[in-house]
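A.B. asks: Place chain B on chain A using the hints.
Protein chains: 2
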Amino acid sequence: MKQFIKTDPWKLVETTFHPEYHANSESIFSIGNGKMGQRANFEEDYSGDSLRGNYVAGIYYPDKTRVGWWKNGYPEYFAKVLNAVNWIGLHIKINGELLDLNKCEILNFERVLDMQHSLLKRRFTARLANGNEVSVEAVRFYSLADDEIGALSYTVKAENFDGKVEIESYLDFNVVNQDSNYDQRFWEPISQEINGDYGQVKSVTKKTNFIVACGMHNSLFVNGDRTEAGKEVTEQNQLVSHKFSLQVSQGDTITLEKIISTVSTFYYEADQMDEACRKNVERGVAKGFDALKKEHALKWEENWTHYDIEIEGDVSAQQAIRFNIFQLNQTYTGKDDRLNIGPKGFTGEKYGGSTYWDTEAYCLPFYLSTAPQDVARNLLLYRYKHLGKAIENAGKLGFNSGAALYPMVTMNGEECHNEWEITFEEVHRNGAIAYAIFDYVRYTGDREYLIDYGLEVLIAISRFWAQRVHFSQVKQQYVIHGVTGPNEFENNVNNNWYTNFIAKWCLNYTSEIMEEVKTKAPQKYTALLGKLNLNETETLNSWAEIADKMHLPEDKERGIYLQQEGFLDKEIIPVADLDPKHLPIVQNWSWDRILRSCYIKQADVLQGLYFFEDQFSKETIKRNFDYYEPITVHESSLSPCVHCILASAIGNEEKAYEMFMRTARLDIDDFNNDTEDGCHITSMAGTWGAFVKGFGGMRVQNDQLSLAPFLPKSWKGYAFTIGFRGHWITVKVKPDAITIINKEGGPMQVTLHGKDLTIQEGENILAHALH
Amino acid sequence: MKQFIKTDPWKLVETTFHPEYHANSESIFSIGNGKMGQRANFEEDYSGDSLRGNYVAGIYYPDKTRVGWWKNGYPEYFAKVLNAVNWIGLHIKINGELLDLNKCEILNFERVLDMQHSLLKRRFTARLANGNEVSVEAVRFYSLADDEIGALSYTVKAENFDGKVEIESYLDFNVVNQDSNYDQRFWEPISQEINGDYGQVKSVTKKTNFIVACGMHNSLFVNGDRTEAGKEVTEQNQLVSHKFSLQVSQGDTITLEKIISTVSTFYYEADQMDEACRKNVERGVAKGFDALKKEHALKWEENWTHYDIEIEGDVSAQQAIRFNIFQLNQTYTGKDDRLNIGPKGFTGEKYGGSTYWDTEAYCLPFYLSTAPQDVARNLLLYRYKHLGKAIENAGKLGFNSGAALYPMVTMNGEECHNEWEITFEEVHRNGAIAYAIFDYVRYTGDREYLIDYGLEVLIAISRFWAQRVHFSQVKQQYVIHGVTGPNEFENNVNNNWYTNFIAKWCLNYTSEIMEEVKTKAPQKYTALLGKLNLNETETLNSWAEIADKMHLPEDKERGIYLQQEGFLDKEIIPVADLDPKHLPIVQNWSWDRILRSCYIKQADVLQGLYFFEDQFSKETIKRNFDYYEPITVHESSLSPCVHCILASAIGNEEKAYEMFMRTARLDIDDFNNDTEDGCHITSMAGTWGAFVKGFGGMRVQNDQLSLAPFLPKSWKGYAFTIGFRGHWITVKVKPDAITIINKEGGPMQVTLHGKDLTIQEGENILAHALH
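Chain order of the listed sequences is A and B.
Under this note's numbering, the first residue of the first sequence is numbered 16, with each subsequent residue one higher.
Under this note's numbering, the first residue of the second sequence is numbered 16, with each subsequent residue one higher.
These aren't lab readings, by the way, just hints derived from the structure by calculation.
Heads up, some of the hints might be wrong.
Identical copies carry no separate label here, and so any pair may be met within one copy or between two of them.
Claimed, not checked - Pairs of lysine-lysine residues, derived as DSS-like cross-links and limited to a Cα-Cα distance of at most 30 Å, are as follows:
| # | residue 1 | residue 2 |
| --- | --- | --- |
| 1 | 79 | 365 |
| 2 | 86 | 365 |
| 3 | 86 | 539 |
| 4 | 596 | 411 |
| 5 | 535 | 246 |
In this text, all values refer to a predicted model and were calculated from it rather than measured experimentally.
Isolated chain A, as found in the complex:
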């Protein structure tokens, strides 16, 4: 755990430079606008530890898979999020000496991430080896208002010297991925140009042939006055620059404003990119740096009104919840159904791929409640469009007749992960994709989606389950062997309760939706059955038989579901009784020891109880929570959020708070000692869920919002805003009152702590008793 970030309700603040944590800061101070993003690298040269990273949405490289022992069915490649052109780069020379904070005496330093406006700011004063002291103020952003534009302003002040200052502002496409399996370069140069006004580099990815171009314009100001003095252009291979050499006097300030655009073949035809890129830069230059910054900041301010959460009495929690919401909105804006939410977003390379079951299980609820309905719908359409590839993927594993197995990790619908125990066996992901359809429809009421898209996906998934089970003669039930459940600290187990439960649910839900679509849209229904070559009666009978006889392991004596068959055979020792030096076990124990142990990485049985809460009594949830949570090590970033929600539901407020703080400050405090690789973006949606579904008790039941807020002991109050079917409501919770403000959409019915209420637009409901 690291605690070098100052607390502030709207900002991350670092007031001393910690070179040892710089890579961490590069991750958490990252900025992006959904189309592009980058780590918080320094603009000027820095020779210390740093992971330079600039990323462009949708651009990936199918890096040849590296694996010691090939198993039949492994994918050929692992899709890598691609490090792309470095556009922030500046070389600063003071009287011939390169400014490099790794080689200077740093007299003061401040790095600030303004989360309200998505501005990355830095100021410092440094004394170079030659004795020259400079002060620097830098600010940069990726425009949310004009989303192919990025801009930075960099001001150097000569504090104690006269002499020569050189500023070289460059675009550099000579970049590599640190995680390249074979130390390959993934980009091939195409073209470059540079003149006094404009510079551009353009490269293409090997194999995938994505082209990315980046153009720049640089303006220089001395003491506020624009100058072209001493300007040169230089170029090398995929590296172009504008270089300014100036004689300055003590006290002079020099400001560079750099406006860039990055465009890619993800959005443009190859032959239109140069023009698009140049026009973007020209438009940016015409608006000017300050105007660009203003429209960008306003856009963020406006957006915050839809998803901000305010906490009174706990600045650390306030900072953390906003950080989570902020990073999510930098990563994914929901405009494009070909994009998804990568586990590291634009903050690092690790894990590759962009889409895990995290999207459906953890992220969807956030976008359902905080964004227009289309955003969540696009996340669903993403999977709909990949259905063909999911069917191919299942085919590779021996399934047929249109059965689909969605990939564990993907960029374009193809599986690109290669651990057999995950790739082939963590099949519960299919369940989450079906569940997301259910969750979306439950929240939005958009039942049309089922007719046009949802049912087709549900059928393919149910076909998979119907083939993945087999009938056990011994049990006289259907069983599912050889799976890895959500708890990846168990591999190749039989009858994982969560997997069997969600498979059963999928079969039943699909049958139910078939019935609904048959009634509502009989022609489309018949056409779909024809397209899918599906025998209705036979299929429904077979699914019903399997669902009815699905084996769901439980221990009646303890009143708990069994994570998998034979779980109670394990040696059960609570985490609290483990010598802490063993934690995290994933870093200290060999894999077999982890597998044999009872320790749980993330919610497994409890994930099922969270998803299907309505089907279980509070007592059942409590018994299972009390059994499993004490043996859960929460070594997945996705673990604490679900436990917070369930702990809240069963009234264990203390545990709920502990879990919330763990998920909320995971990256800021570097709980898992891995933030330098990038932030845990998808778990941030879980943090939001922990707050709104946990503390806020938000559910949707019978087409209606239900709330059951409580206030953590140490807080003075909080407020959150959510959208629901055309309404936007803000829920304010204080020790003595709950206030609900219905901001738009006319009167609405809400259930508050079990009581049905009608709220008129603008009306505030006050409930004096919190419980």
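C.D. replies: Just chain B, lined up with the frame of chain A:
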């Protein structure tokens, strides 16, 4: 399956060149002498498909491990059997054109492996593109009599032309391993020299610093007369050659005799290698090619008297059994307790490492019966010497107090395999190492071994088991979770019957041997307990408790042991009912499908019944065999042999014969479509066991040999020879009689088909009834 090898009782014969099978032939025609060996590459240039391979015993490279997803505890490297200097190489030019069978018209071709004398012979006539026709006769060998020497003779006859013949005979150390993980070269050059009489190259392995030198002498004869005419020397980096240019007339024959020596720091100090190498070559040259060949061939002939098996009435079986015995004796001669039996011997690179549990479970019996006692003892000492590293290895996985886990794959005692389901979980290997001690002592009666070495290994292994179990509250028994049994088509299962049984046996056997050593050698016993810091009473009590309460899953209704807990939950479909297009499943099915299926790769429960046959009734063995064999796919080369032995024991002669032929001709007929990578050396010992323990019914019971031979229906007779405690006996089986000849060692007691007999030296026992 391929059937291009002609049958012959003592030879492998290829009478047509099959370029498509050349890599196969390179494997099966391999030669070696225990210290070095090579694939049957052509001497002259060959531009077609070929895997060039020359190997030197004990020389390996710790290649950096390649793995997609690192697990805590994985080894840093995988030891590679190293391709070393190519000494057979000749460039032959006929009137300026390179002789290359890939570019000639081949008028006739014969390749012969003389297994009786370990001679690789080849003759062919080829028409070059320039119309010149040459006949070639080549023969080569690694001397068994003078075991650092290799030699070849290569004769070229000008069939239809006059003109220029050039022969360049070289040593080339510019070699790579095809299986290098990062395409690295593993050798660094040290020195080279060349003069008219002698050439030498010398390189050192990176990291391990093994030095290997190879020296050569070349003599040329024209029509039988030695000549030095037209001789040049050439050299490049680690490549030296003698080049002869001659004018010949039609009908002339030119013969090159090349005598080489390979020496390494495995046997010499670095500063003595040059001299040793040169002296070896000088000695070889002094003896001359013919004399070298003769003493080598005689040595092989002599050795065959100890292990030959003769079969009447089935040349295919005769050829196959000799091939298996021949390859084993080329690979391992048992002189050096630092060496072991690599899975591919000197016939290929694949798998790396040199030692698997194959040695103890499959190879030891062969050497016990066919070689002096020291050979088997050296195989045991090899593991004794690695005990410290096995304790370290267990330590890495969290075991303590002197518990040992022997590596799955090793070269020097360190684990070098990296699949968690194998490396960490296939722990039954520990049992085989204990079993080998038992097996060795049972066969030899050498109980001193237990006092000086065996007990220490047994204690360390038992300490491992005592920590690897845990007590199941549910079962009120000890259980072993998370293992892979011998059947590697199941991973991470609980309570594999074989593993639990052998663990229990280890604990009991170790306790028993402690008692014996305590009585026989009380001082050594006390010293050992002190060295091992072992509390006798506490340990023995704990081991007894665990052994008594070990869970051994069984199905009482069917009267079978369960391969693992829950096995009967699987869908059981006999292999015979599978569409053959699915076979081999390892090449056609994804890993999860294999794991879920009931199909067994190699004997698992049956391996236990084979090892501990005495503890089970014939009916129990039969019930288990009849249950498990039909669902066994035998996709491990180690599978058929054990099934042959058990089938024989339960009187299923037809199945025994089927299994024997499958194991015996595995490589010759390329059953598994992988012989081009090298031969399955360790399974060859299983073939021998299938014959002698299967057909011959050989066992050791109560310090006495027991035999129960039967004759496969289609054979007319067979004979095998085995050594036992100073005796050598030959057992001859004919349809109407069994003859036992006691060749040396005085009178001996033998059990024949259950009857105790005393056989005087030289006496023949005739038993008219076979059964």
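A.B. asks: Now look at each hint and say whether the structure bears it out.
C.D. replies: Here's how the hints hold up against the structure:
no., hint, verdict
1, 79 with 365, "both (16 Å within a copy, 22 Å between copies)"
2, 86 with 365, "both (23 Å within a copy, 16 Å between copies)"
3, 86 with 539, "neither (41 Å within a copy, 49 Å between copies)"
4, 596 with 411, "between (43 Å within a copy, 15 Å between copies)"
5, 535 with 246, "neither (69 Å within a copy, 95 Å between copies)"
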